[in-house]
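A.B. asks: With chain A's structure known, arrange chains B and C on it following the hints.
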Amino acid sequence: MSDEFPTSAMDIAWNVRNNVTSAADVLERHLSTIDEREGDIHAFNLVLADEARTRAAEIDEAVSVGRDPGPLAGVPIALKDNMCTRGIPTTCSSKILDGWRPPYDATVVTKLRDAGAVVIGKTNLDEFAMGSSTENSAFGATRNPHDTTRVPGGSSGGSAAAVAAGFAAVSLGSDTGGSIRQPAALCGVVGVKPTYGAVSRYGLVAFASSLDQIGPFAHDVGDAALVLEAISGHDAMDSTSIRQGPLDISRQLMMGVAGLRVGRITDLPEGASPDVAARLEEAFDALRNAGAEIVDVDVPAFGYGLTAYYLIAPAEASSNLARYDGVRFGHRVEAPDTNAMYMATRTDGFGAEVKRRIMLGTYALSAGYYDAYYGRALKVRRRIAADFAAAYEQADVLLTPASPTVAFHLGDKTSDPMSMYLCDTYTIPSNLTGDPGMSVPFGTGDDGLPVGVQVLAPALQEARMFRTAAELERSAPR
Amino acid sequence: MVVSDRITPEAVAKVAKLARLSLSDAQLDQATHQLSDMLDHFADIDALDLDGVEPMTHPTPIANVMREDIEMDCLDRDEVLAVAPAAEDGRFRVPPIVGLED
Amino acid sequence: MTETISDTNVETWTLRGYEMVVGLEVHVELATRTKLFSASPNRFGDEPNTNIDPVTLGLPGALPVLNRQAVELAMRLGLALNCTVQRSTFARKNYFYPDMPKAYQISQYDEPICIDGWLDLPGSIRVGIERAHLEEDTGKSTHIGGSGGRIHGSDFSLIDFNRAGVPLVEIVSRPDIRTPEQAKAYVSELRAILVAVGASDAKMEEGSMRVDANVSVRLPGADLGTRCEIKNVNSIRSVGRAIDYEAQRQVGMLEAGESIRQETRHWDENDGRTHTLRSKEDADDYRYFQEPDLVVVDPDPEWIERVRAGLPVLPAARRAQLAAATGQPADAEAILVVTDRDQDAYVLTVAEAGGDAARALVHVKEAFAEQGERPAVPAADLARLTRLEVDGKLTATQAKQVLAEIVAAGGGDAEAIAAAKGFEAMDTSELEAMVDAAIDAQPDAWAKFCAGEGKAMGALVGAVMKASKGQADGKAVTALLERRRTA
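Listed in order, the protein sequences are those of chains A, B and C. Heads up, the first sequence is in this note's numbering, so the first residue is 1342 and it goes up one at a time. Heads up, the second sequence is in this note's numbering, so the first residue is 727 and it goes up one at a time. Heads up, the third sequence is in this note's numbering, so the first residue is 487 and it goes up one at a time.
So that you can see chain A by itself, here it is in the shape it has in the complex (with noise of 0.2 Å):
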């Protein structure tokens, strides 16, 4: 891209709102970005090139009548297609809801327009989020951008994709158990999970319920906080979302670290690849340059995070998952009763790793094995909250790796569920705490591959972990 055209959220939103660009040229620049590169790398389920003009077109006309089309006046934006968009199909990249379209919008979504946002496509992931790699997707791969026989992450891996590719300026993932993080650290892009509940789930389809957050893909630190304050906030369809209004991130991105605890975790569990330990080293060093006191802290349960995230999250998804049952919407596979449809259409429909953690999360909620593995799993979240609390005492915010390791092939992790698993070591404890987390791009690792850091904070201290973030993104080894 050519460095006179705005290509931040935030440049081309000031651009289009005073003028000085139109949202229809913003938009075709990314849609021929698309129309080169997107064969290579598979981002998208559906480009919505049509309904994106549209759209630009009346933020356009807003403009030039003086109307003011919000903060994300122009900007394309991806959505992971697990998020309900009205009269557009939404996949969850999966055979049993292949062409639905809901009718309704998710929450995000009314906000991402009302804001003035162009929704460009809904984006690729691992079918119905549950996935490290988006390889689980029923329609194909994405792949990396920096390597196409590399995997992008996942599961949130085509709106991560579409980010590093340049088709968005921006987009929308999800984080269950760190599928917008690890995909950011993969794609080298700037991924956040917000505070549980501070983005409203309505709309977004289920994965795990407690768990479950919508968050931004952004090139850079400015550009993630922006799009969280336009989505942010206390929904009235959403019994789960916070009772506040939207985040407050923006005003406090430069207010650097000085002074600011930052904690090292010192029994964090091993996995990490060499490349990937240095560079966080590195991103300590640059913070305590900054002024930042490190500290280190216990977190002793953080280990355990991994045996609870997976019993409870495919407990939930058993759960939430047998609506798909071919009799309201989505695939149906005919068959003499009831009972045989059911059988016949979610066989069908579903894709192994799907049925794997359907299966899984049955039995943990069965009769004679919900205390042994779903309600012991529910303590140990507790003990890792405690744990987590204990060490918000001492430090204000953590840093870990986002991903053990940098991008992997294609193929190498598909033949061995628990060893894609182990991707969501780092990211998992903060899904079941409902705190805060973001990865942050902090120079290259192995073969040249980008390197994600991770910021923890408490619940709701977005700003103190955004302020971090953009530390270290000011400080990155380039």
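If you are wondering where the hints come from, they were derived from the structure by calculation, not from laboratory data. Fair warning: there could be bad hints in the mix.
Unchecked claim - Listing some non-contacts, in silico: residues in chain C with all C-beta distances to chain A over 10 Å:
id, residue
1, T712
2, P787
3, W789
Unchecked claim - Which stretches of chain C does chain B cover? Using the computed rule of at least three CB atoms under 8 Å from a CB of chain B, they are:
id, stretch
4, 525-533
5, 548-562
To be verified - FRET-style restraints, in silico, Cβ to Cβ:
id, chain 1, residue 1, chain 2, residue 2, range
6, B, L774, A, A1708, 18 to 26 Å
7, A, E1402, B, A808, 28 to 36 Å
8, C, P787, A, E1734, 27 to 35 Å
9, C, T570, B, H767, 43 to 51 Å
10, A, D1366, B, Q753, 49 to 57 Å
11, B, K743, A, R1584, 41 to 49 Å
12, A, P1641, C, G707, 51 to 59 Å
Just so it is clear, CB atoms sit at the ideal spot from N, CA and C, and this is done for glycine as well.
C.D. replies: Frame of chain A; chains B and C shown alone:
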């Protein structure tokens, strides 16, 4: 792959049935191995002392979220039925309901 | 829970030594404007699938939001049933059925909103209430093809989700019921309370109140027997019939040496029997877990007190009040009928206007069936009529005739009407003279009557009535004859 007896093929068949998924013999076998392997990994939490720890179902401790008893607009029936697998007479059509809870 | 059994009022049910043990599960539809977890109308009879929204249909991405009014009504009915209102949570009950849009029902499991109440049956036992909890209703399926609209042999089914998501409260009694009559009385009284507090219109014939019965039998003093759940009981009368049949069936089996299989059975009103629906052993594992899309409901003490203070006077209290005013037992038929018609307040105002409550009660019961809660007849008018009766100025028969005119005219002056009809109270000496004359005129009848033949009195009474042109009070005449006989 680790072969363990943490979950039996019978138990896997039972949960598959509960979840309305049908598995071939080969798939049942593979699923048993994979779930066993996972449950082996997940046995790490057995060692924790969790006496007196309250289960945590929710990240947020909020309570009493309720709405007023006021009507809101309904969905357009035509729009909904247009994407239904089978519809007739304004209703969703299904094959005979046999073999299920009443 | 202590049982108070009134020795005289309870009918016992035993069959060849066995007693029945019955608990009732009653589901009621709450009278809210909108559904339990979404704002679609809670309305009966609309075009299919017009009261729907993403939550009702269980669409991907939909989320439940709790209706405050449903909580209020659940609290009201719980407090009216003497329950404790407590902190409660919602749970998912997971099972597949086409009219269950999410393939799980949001209900309450471990922590229901109301617990540990009771219901006193008029003049009879106290039935414990274990719990009352909120849950959502399912959609409705219609089976096409086949016979009689049943599933068996149908070609396909059509689903309407208008009813899906309607708020229900499930009220679970303890197994304290011992006779079919008690079961019927429980349902009746429960209904009266639900209507009185405005929680539901509780009409079994419309499905806004549904009753399932858990029935077992045992020899007295023995452990509880295996119970069967009886469904498809659609009227209060059926409640009695179904329980009676099922208990007999079980006794018959035990006597034949067979054991009772725990199962759900379907009551067939037409053939008067219960039939196997499904065995409990085949039942789904519901995999209950706390609903992650909803938060805890913890009504504060102020809210609970407001609801309690706002409760109307309940039927039992109203009956007691009427009983005290009229000197009748609280479970007397007239008390039950008049209170059920909501005319008890009216009777009390008649008493306040100077009337005789006992006479007013009789008149209202007999003549005011069509009058509704606010009878057209002014209380003062009825009061004056009853005063004439107790003062001996009108006989019971005469009063009835005057009343008929008052009711027809929507009011009236009892004295004037009586005078217009020529009803004059006979004074006692006039009456005595007529009685003596009748005795003199019929010595044979008098002799027989004195010898103990009660029948002979008829001729003497008849003579007096004739002589008085029907104005004499039959009771007074009889009393006088008795006095003469024993004198």
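A.B. asks: Broken hints, numbered, in rising order?
C.D. replies: Every hint satisfied by this model.
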